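Visitor: Sequence:
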Amino acid sequence: PTRKMAAPSPGTVLKGEYEKQVKHCQNLLRQFPDDDLLMNATEYAKSAVRIIQSNEPSNYNLQKSLQKYTKSILDQTYKIELKIVDEDFKDKKQFISLFDQLVLPVKVCYQITDDPKNKVMELLGKDYLECLLWRAGALCYMYCHTVTDGKQDGGQWDSVARQCSLAGIGYLQLMLNVRTPLSKEEYNESDEGQVAQLLREGVFSDTHMLSLMYCGDLCYWYTKQEKVLHQASSSDINREGVQRSPIANCIEGDCMVLYQLMETLHGRDEVERWLKPSDHDIASLGILCLSRYTAIAKGPLKGLGWSYEKAEKLVLELKQLI
Numbered sequence: 006p007t008r009k010m011a012a013p014s015p016g017t018v019l020k021g022e023y024e025k026q027v028k029h030c031q032n033l034l035r036q037f038p039d040d041d042l043l044m045n046a047t048e049y050a051k052s053a054v055r056i057i058q059s060n061e062p063s064n065y066n067l068q069k070s071l072q073k074y075t076k077s078i079l080d081q082t083y084k085i086e087l088k089i090v091d092e093d094f095k096d097k098k099q100f101i102s103l104f105d106q107l108v109l110p111v112k113v114c115y116q117i118t119d120d121p122k123n124k125v126m127e128l129l130g131k132d133y134l135e136c137l138l139w140r141a142g143a144l145c146y147m148y149c150h151t152v153t154d155g156k157q158d159g160g161q162w163d164s165v166a167r168q169c170s171l172a173g174i175g176y177l178q179l180m181l182n183v184r185t186p187l188s189k190e191e192y193n194e195s196d197e198g199q200v201a202q203l204l205r206e207g208v209f210s211d212t213h214m215l216s217l218m219y220c221g222d223l224c225y226w227y228t229k230q231e232k233v234l235h236q237a238s239s240s241d242i243n244r245e246g247v248q249r250s251p252i253a254n255c256i257e258g259d260c261m262v263l264y265q266l267m268e269t270l271h272g273r274d275e276v277e278r279w280l281k282p283s284d285h286d287i288a289s290l291g292i293l294c295l296s297r298y299t300a301i302a303k304g305p306l307k308g309l310g311w312s313y314e315k316a317e318k319l320v321l322e323l324k325q326l327i
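Sequence positions in the sequence shown follow our numbering and run 6 to 327.
No lab work stands behind these hints, which were simulated from the structure alone. Honestly, I wouldn't trust all of these hints.
Here are the simulated DSSO-like cross-link-like pairs (lysine-lysine), alpha carbons at most 30 Å apart as the crow flies [as the list claims (entries may be wrong)]:
1) K20 with K122
2) K51 with K112
3) K122 with K69
Pairwise CB distance ranges (calculated) [to be verified]:
4) L309 with P186: 16 to 26 Å
5) E314 with H235: 42 to 52 Å
6) S14 with K88: 47 to 57 Å
The structure displayed is predicted, hence computed values, not measured ones. By construction, the Cβ of each residue, glycine as well, lies at the ideal position given by its N, Cα and C atoms.
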């Protein structure tokens, strides 16, 4: 009988990924010489290689090197993100490549552990996991915002925008659920300070507030456009939104890490529900996010620059669309 090859060790897997990241950053530096973000990204990746080469593959060293690698990914992708957003996402292949790179650290965690439920969060840390999920979700939001020209009625809604909206909603929802809101046991009920109120609402940073608004926007765009497509389905209109494009298929493929994380953090039922979301579910989620955003903007963050008029308007429109 043929003997099975032993699976590569976590250290071997990580070293290979880190070295690929070093080469990738060095290639980008040839295109953008002396760019600070890319130089930092290169050094972080090299540091990850050094850590994994010169130390025992303990949990601490795996975590330390993975976080250096994640810093490299975040800096390097931010440079490219600025470029493709400035170019209005004309280069779709570069957009897909960027999206794939943003979830690489999570994919790597799944490769090196057989206990993802306990290890993914431990290896990456909540801060880095939140940042990766936020960046992936916000990138999807920016794409949808760009193709619709920022108008809720939509402009160039197609299968790519549709898949992006669902992916963006999923990643932002995961980001909002990495940490749990402060429970009653964790705070004094007499403490009604601003910080305590925000922690009870599960808002730990400005990014959490933006995620609520972005998620609400995406839910509105998706619900509005799906309704338009349903209304057109009985007509002779050639609906581009129905036609699957290779780019949309790539995005859906990259969402496998989204589904893995959903199952890890929330169970298989959540994945099954997400694979075939109803328009009602998406609209209801949008109403929930926008209502939370509005309540916080009017409450603990009142007078601190968080406008809520648009959120209130979208809630009313979503209720009419259900």
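Visitor: Taking the hints in turn, state whether each one holds.
Guide: Against the structure, the hints come out as follows:
{"no.": "1", "hint": "K20 with K122", "in the structure": "holds (23 Å)"}
{"no.": "2", "hint": "K51 with K112", "in the structure": "holds (20 Å)"}
{"no.": "3", "hint": "K122 with K69", "in the structure": "holds (19 Å)"}
{"no.": "4", "hint": "L309 with P186: 16 to 26 Å", "in the structure": "holds (20 Å)"}
{"no.": "5", "hint": "E314 with H235: 42 to 52 Å", "in the structure": "violated (29 Å)"}
{"no.": "6", "hint": "S14 with K88: 47 to 57 Å", "in the structure": "violated (37 Å)"}
When each numbered hint is compared with the structure, violations occur for hints 5 and 6.
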